[in-house]
Amino acid sequence: MVYVSIFGVSMLMGIKDDGKTPVILVDTKTYAVGFLTNWNLTFQTIFLALSLVHDVLEWLDKQSSSLGTKIKYWRDVIFCGMVLPFTMFVSGMFWTVYAIDRELVFPKIYDSVVPWWFNHCVHTNIMVVLLVETLLQARRHSTNRRLEMILFWTVALSYAVVYYTIYFVTDRWLYQVFGVMNWWQVCLYQLFIWAITYVFYIIQFPINRLVHGAEPTIDNNEEKDPVDDKVHDNGRSLNPEENGKVAADGLPGDSWSLKFRSIKNNTENSRL
Numbered sequence: 002m003v004y005v006s007i008f009g010v011s012m013l014m015g016i017k018d019d020g021k022t023p024v025i026l027v028d029t030k031t032y033a034v035g036f037l038t039n040w041n042l043t044f045q046t047i048f049l050a051l052s053l054v055h056d057v058l059e060w061l062d063k064q065s066s067s068l069g070t071k072i073k074y075w076r077d078v079i080f081c082g083m084v085l086p087f088t089m090f091v092s093g094m095f096w097t098v099y100a101i102d103r104e105l106v107f108p109k110i111y112d113s114v115v116p117w118w119f120n121h122c123v124h125t126n127i128m129v130v131l132l133v134e135t136l137l138q139a140r141r142h143s144t145n146r147r148l149e150m151i152l153f154w155t156v157a158l159s160y161a162v163v164y165y166t167i168y169f170v171t172d173r174w175l176y177q178v179f180g181v182m183n184w185w186q187v188c189l190y191q192l193f194i195w196a197i198t199y200v201f202y203i204i205q206f207p208i209n210r211l212v213h214g215a216e217p218t219i220d221n222n223e224e225k226d227p228v229d230d231k232v233h234d235n236g237r238s239l240n241p242e243e244n245g246k247v248a249a250d251g252l253p254g255d256s257w258s259l260k261f262r263s264i265k266n267n268t269e270n271s272r273l
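Using the working numbering, the letters of the sequence shown map in sequence onto residues 2 to 273.
Take these hints with a grain of salt, some might be off.
Calculated cross-link-like contacts (lysine-lysine; reagent style DSBU-like; alpha-carbon spacing at most 35 Å) [as the list claims (entries may be wrong)]: (1) K17 - K30; (2) K109 - K21; (3) K17 - K109; (4) K30 - K109; (5) K63 - K73.
Read the hints as simulated data drawn from the structure, not as lab findings.
Generate the whole structure from the sequences, applying the supplied hints.
As structure tokens, this is what we get:
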């Protein structure tokens, strides 16, 4: 992921605004901040960095330290609130539109600058991270739903502001799929983007439970011994399986109040 990020930066730096380069390529460099793919790549890089640090702490047996706990907490929050929903949207929407008409999302002229493997790294292989994390990490519920929602909507709304600001300033859409729509269609499409991304956030938890199973629950009734297993005698119980050894009747043997109660019962039942 680090190599992909470095390569991406060097690739953008190689685009020259010399009057001969097509405008669409120059815009790709100038307004790189306006592509959700780049935002998502940043989220994944941060997440993988936190995961690496936490793994190192596990090797050092320091995962339960204050630092290890905080790193694990933020790793899971960032994954649930940012990485998974936006990765699902970026990959799913990109290849859906690409299959319909690639010129609407990844014009053929990009092939002269963007290698095929880089395109798959930022639009296909990112799903591998989600698959591996879902199989290896049990995240049956949100780590902190309120914080995850704050991060989610901060990203969703901030990106919309950046994207539409670029359009109003330059009068050009970074993603040409918006260019074939009128304004009410753009508004509906934007609402759809927010809705489907939110759905991706919601469904990750039941899917994770399908993989890892529901959280184990303890049934208190299973801890109770059958009455027939023990013979009771004046507050004491004899377990036939222990060859006559005396055991406390399911209660702590070091309780002074129970010992006193047992002595009292024996005294009251005495013939003296």
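Here is how each hint holds up against the structure:
no.	hint	in the structure
1	K17 - K30	holds (9 Å)
2	K109 - K21	holds (17 Å)
3	K17 - K109	holds (19 Å)
4	K30 - K109	holds (16 Å)
5	K63 - K73	holds (12 Å)
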